[in-house]
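So the chains spell out like this:
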Amino acid sequence: MGSVIYPVVRFLMPPPEQEAAVSAVKAASLTEMAPNSGKVFKFGRKPALIVRQPDGTFRAFLAKCTHLDCTVQYREDKERIWCACHDGFYDLNGTNVSGPPPRPLDALEVHMQGDDVYVTRKS
Amino acid sequence: MSTSPANPRRALLAWVKDRYPVSKFVEWGKHKTVPIGPGAFWYYFGGITLFLFLIQVGTGILLMFYYKGSADTAFESVRFISAKVPFGWLVRSVHAWAANLMILAACVHMFSVFFMRAYRKPRELTWVSGIALLGILFGFGFSGYLLPWNELAFFATKVGTDIIGVIPYVGDPIMYVLRGGEDVSGSTLPRFFALHVALFPALLTMLIAGHLFFIQMQGIHEPDAWKAHPEQRKTMPFFPHFFMRELLLWLITLNIVAVLAVFFPAELGIEADPFSPAPAGIKPEWYFLATFEFLKYMPAHVGPMEGEELGLLIISAGFLLWCFVPWIDRGRSRLMTNIVMVAGVAIIVFLAIMTYLGHTS
Chain A
1 MGSVIYPVVR FLMPPPEQEA AVSAVKAASL TEMAPNSGKV FKFGRKPALI VRQPDGTFRA
61 FLAKCTHLDC TVQYREDKER IWCACHDGFY DLNGTNVSGP PPRPLDALEV HMQGDDVYVT
121 RKS
Chain B
124 MSTSPANPRR ALLAWVKDRY PVSKFVEWGK HKTVPIGPGA FWYYFGGITL FLFLIQVGTG
184 ILLMFYYKGS ADTAFESVRF ISAKVPFGWL VRSVHAWAAN LMILAACVHM FSVFFMRAYR
244 KPRELTWVSG IALLGILFGF GFSGYLLPWN ELAFFATKVG TDIIGVIPYV GDPIMYVLRG
304 GEDVSGSTLP RFFALHVALF PALLTMLIAG HLFFIQMQGI HEPDAWKAHP EQRKTMPFFP
364 HFFMRELLLW LITLNIVAVL AVFFPAELGI EADPFSPAPA GIKPEWYFLA TFEFLKYMPA
424 HVGPMEGEEL GLLIISAGFL LWCFVPWIDR GRSRLMTNIV MVAGVAIIVF LAIMTYLGHT
484 S
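Chains as they are written, first to last, in this note's numbering: chain A, 1 to 123; chain B, 124 to 484.
Everything labelled a hint here was simulated from the structure, so no lab data went into it.
Given the structure is predicted, the values throughout are model-derived calculations rather than measurements.
Wrong hints could be hidden among the right ones.
[Claimed, not checked] Below are the DSBU-like pairs computed for lysine-lysine, each with C-alpha atoms no more than 30 Å apart in a straight line:
#, chain 1, residue 1, chain 2, residue 2
1, B, K244, A, K42
2, A, K46, B, K406
3, A, K78, B, K191
4, B, K191, A, K46
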């Protein structure tokens with residue numbers, strides 16, 4: 001019995017995907033994003049969010065809501081990061097501040113190179 | 124009986140009778156009865172659910188002639204069906220509407236069985252198999268919702284599969300298998316397609332066979348009052364009386380489906396983009412709205428647990444209790460019967476309020 005079930009179960013479990021070796025991704029440029037705006041970009045295979053704060057500085061996070069996995073976005077009117085699925089909010093440090101999200105967003109590091117904004121994993 | 128070539132219909136019948144015990148089935152049909160009374164109307168909903176399933180099989184086969192189940196082609200193929208294929212919009216709309224009505228009819232059937240207390244001995248397994256059937260119908264709805272590969276379906280599937288991932292120990296592997304990887308992606312679509320057109324139809328067909336077998340073995344439940352007052356017992360033959368009425372209702376159901384499909388055709392929305400944020404107003408199908416809304420009200424943490432874990436635990440416990448209703452209310456204690464019936468009303472009120480809030484939020 002096991003010799004039948006085991007191969008079937010293993011067949012259904014896809015082999016782990018080779019995570020694209022993402023070292024740094026150009027997420028935006030200074031001219032492209034006005035203060036108090038946000039943008040979802042590709043970080044390897046995952047969606048990530050870059051936010052230009054009202055003071056002009058940048059913050060970046062993996063855009064995966066810690067509640068139920070929806071992709072978050074920046075709300076300019078509230079100056080917060082918002083998950084539309086269950087109305088969860090995070091502040092600009094990525095900390096969950098209201099609604100059902102149980103944990104902060106995974107933060108990424110932002111580096112400036114001239115006018116370009118590069119994002120890397122936290123070292 | 125003449126078997127002459129001049130009477131080919133009778134000749135065919137005689138040929139069949141000569142080989143198969145047809146008369147036994149006719150006799151069985153004549154002796155099978157259905158109770159008549161104030162609750163008799165509710166007996167038809169099981170058959171209506173079956174009829175809507177048959178519509179789903181027919182329209183589903185038609186849609187498969189054009190549908191292409193991969194992330195690159197799914198949305199375009201559904202758009203092609205809706206916009207270019209003659210009557211494609213109608214077939215797709217009928218499939219979508221019949222799916223919704225099928226789940227509605229199954230729910231009406233389940234609650235009518237509940238309030239008639241038809242789950243009691245000896246029909247415990249009929250009840251449990253019925254709940255399993257409803258579970259598979261939900262699976263059909265969930266897997267089918269993703270197939271057009273539009274934005275709403277994409278995020279609803281992300282949320283739905285993530286909820287499964289919350290189940291302790293087995294949740295993560297199940298989520299991984301369902302998604303075909305860590306995230307909902309192009310790998311998820313063929314898996315949902317396989318579930319929708321192969322595994323679930325096979326399981327459903329087997330369970331329907333079992334469910335109907337139990338009903339044929341034990342007969343249709345009769346009102347409890349008839350046990351004390353047998354003189355009140357009133358029935359009609361299943362064939363042709365009940366059967367013809369059921370057929371009439373099937374015809375009415377078909378008309379309702381057709382009217383809804385024509386005047387409110389299924390929408391397609393915009394194509395899913397895994398790298399765009401979840402849109403505002405994202406909602407699952409109406410039959411998952413209550414769960415969706417309930418999870419929204421759960422706080423981030425409750426004691427040592429995350430809110431969504433607790434929410435899922437409450438829903439799972441409620442579902443288990445619902446499965447065990449035949450063993451909770453065996454008809455021996457009036458108090459227990461009253462508690463179970465009040466709980467049934469409370470569940471309907473709760474589901475209705477949550478669904479309404481989910482719909483309007």
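Hint check results:
1. Distance restraint check for K244 of chain B and K42 of chain A: the Cα-Cα separation of roughly 58 Å exceeds the 30 Å cut-off, and the hinted pair is therefore not satisfied.
2. For the hint linking K46 of chain A to K406 of chain B, the alpha-carbon distance of about 23 Å falls within 30 Å, and the restraint holds.
3. Only pairs whose Cα atoms come within 30 Å are accepted, and K78 of chain A paired with K191 of chain B is rejected, the gap being roughly 41 Å.
4. The suggested pairing of K191 of chain B with K46 of chain A holds, with an alpha-carbon distance near 25 Å, which does not exceed 30 Å.
Consistency with the previously given hints fails for numbers 1, 3, ordered from lowest to highest.
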